[in-house]
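Engineer: Sequence:
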Amino acid sequence: MALLAGLLACWGAWAWLRRLLHRVHAAEARAEQLYRTHFDDAPIAMLQEDWSGVKALVDQLVASGVEDLEGYLKDHPDFFFEARKTHVFLDANRATVALFGAKDKADFLARAPTLLPGSPESNIHVIRAFAKGHGFAQGERILHTMDGRKVPILWQVNIPAGRADRLVFLATNVTSLKEAEEALMTAQAELAHAARVAVLGELAASITHEVNQPLGAIQLFADTALRWIDRPEPNLTRARASIGRIARSAEQASNVIRKMHQFVRKTPPETTALDVREVLSDTLLLVERAAAKHQVTLDLVIAPDLPPARGDRVQLQQVLVNLTMNAIHSVAVQPASEREVRLRAELDPEGRLRFSCEDTGPGVAPHHLPKIFEPFFSTRTGGLGLGLAICRSIVEAHGGALRAENRSAGGARFQFELPVHESGSGAAP
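Mapped onto this note's numbering, the consecutive letters of the sequence shown carry residue numbers 1 to 429.
Note that these hints are calculated values from the structure, not bench results.
Remember, it's a predicted structure, so these values are computed and weren't measured experimentally.
Heads up, none of these hints are tricks.
When the alpha-carbon atoms are kept at most 30 Å apart in a straight line, the in silico DSS-like pairs for lysine-lysine are as follows:
1. Lys293 <-> Lys150
2. Lys293 <-> Lys85
3. Lys293 <-> Lys74
4. Lys178 <-> Lys293
5. Lys150 <-> Lys105
6. Lys105 <-> Lys178
7. Lys85 <-> Lys150
Restraint ranges, calculated between C-beta atoms of paired labels, are given here:
8. Phe136 <-> Leu90: 18 to 26 Å
9. Thr297 <-> Asn158: 26 to 34 Å
10. Pro117 <-> Ala332: 17 to 25 Å
11. Ile390 <-> Asp275: 18 to 26 Å
12. Gly216 <-> Asp348: 48 to 56 Å
13. Ile124 <-> Val301: 15 to 23 Å
14. Ser408 <-> Ala63: 36 to 44 Å
Note that CB positions come from ideal geometry on N, CA and C, so glycine has one too.
Can you make the complete structure from the sequences, with help from the hints?
Structural biologist: This is the structure in structure tokens:
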């Protein structure tokens with residue numbers, strides 16, 4: 001009887017366990033069905049990918065002692081493409097299929113590796129998250145659809161701790177936003193150009209008004225002097241007097257020009273202690289959209305333990321932004337893989353802070369180098385030719401000198417020095 005009771009108890013336990021497993025499987029099926037419904041019917045593009053192979057390789061790098069991931073990838077560009085070979089596209093929802101213009105899901109997944117090739121600029125955010133153990137990554141990239149459209153997107157992905165075999169990427173089409181931003185930037189550029197033209201027009205009108213009077217007097221006195229000299233009996237005394245009046249009128253015209261120069265010349269800057277890294281980082285933020293538009297890589301090299309600079313923050317950033325934007329436009333003519341602009345800060349042998357802006361563009365024509373800082377000289381079609389002249393004035397007002405040269409490795413380098421801010425020093429006199 002005891003044996004029979006034991007068998008019945010075991011049978012009851014086994015039946016209960018079967019019922020429990022059945023409920024678990026049913027719950028998992030419902031959960032999978034719910035996930036599938038939300039995934040397939042979501043109004044936003046969703047793509048499921050397997051990054052476990054990439055994560056394993058990144059984990060190996062970290063375990064081997066690699067701390068500067070960006071530096072390692074820059075020195076070993078093949079790593080990214082080798083790691084990408086382990087990546088697999090698993091699934092896509094209807095919104096993704098529609099975004100790319102595919103016939104159906106199977107059609108899209110068959111072409112996904114070609115439509116979405118590895119992009120170091122975009123995928124680095126995921127790789128960085130793997131290396132640092134972050135649970136989230138996001139970025140931007142341009143999609144190329146099957147019907148030839150270019151669609152800018154913002155993407156994001158959650159990364160469960162320790163797992164990368166089923167990452168779900170969400171993509172938002174931001175074409176309208178980008179078009180609005182482009183329209184705004186174009187309007188701002190046109191407004192700024194109109195403002196510059198208006199200022200130059202007012203300045204030209206003012207100079208014309210002021211200079212016309214002495215120029216008219218010079219013409220009158222010159223004619224008078226010629227008549228006194230051309231008489232049958234030249235009156236040299238009166239001719240000499242007219243020539244003297246010409247000299248005084250010319251001096252008056254010179255004083256008008258000098259007054260205008262003093263009017264537009266900048267007053268000595270109000271200097272403070274400036275964090276070099278902060279100033280350069282803010283500069284990159286101001287130009288990163290233009291760099292992205294032209295597919296230019298921006299690089300920042302700052303020597304360790306730099307002391308603060310002494311200068312006017314707004315004016316110094318005006319110089320750095322102008323130099324960087326010029327460099328971006330210069331390298332835009334190069335192949336995409338060779339477009340690089342580097343901002344560098346270091347101490348020179350005399351203990352001053354040296355700032356450099358280097359690019360990999362075609363450089364400056366040798367016969368243009370002596371003239372590029374002259375007002376109204378420009379090598380760009382439609383350029384106003386005032387940017388570098390203003391930069392030179394700002395640097396000189398800070399006690400430095402702006403120089404330009406061509407690099408032996410190709411491209412141009414613009415360089416200047418600023419004094420180090422000493423404790424207790426105030427504004428420049």
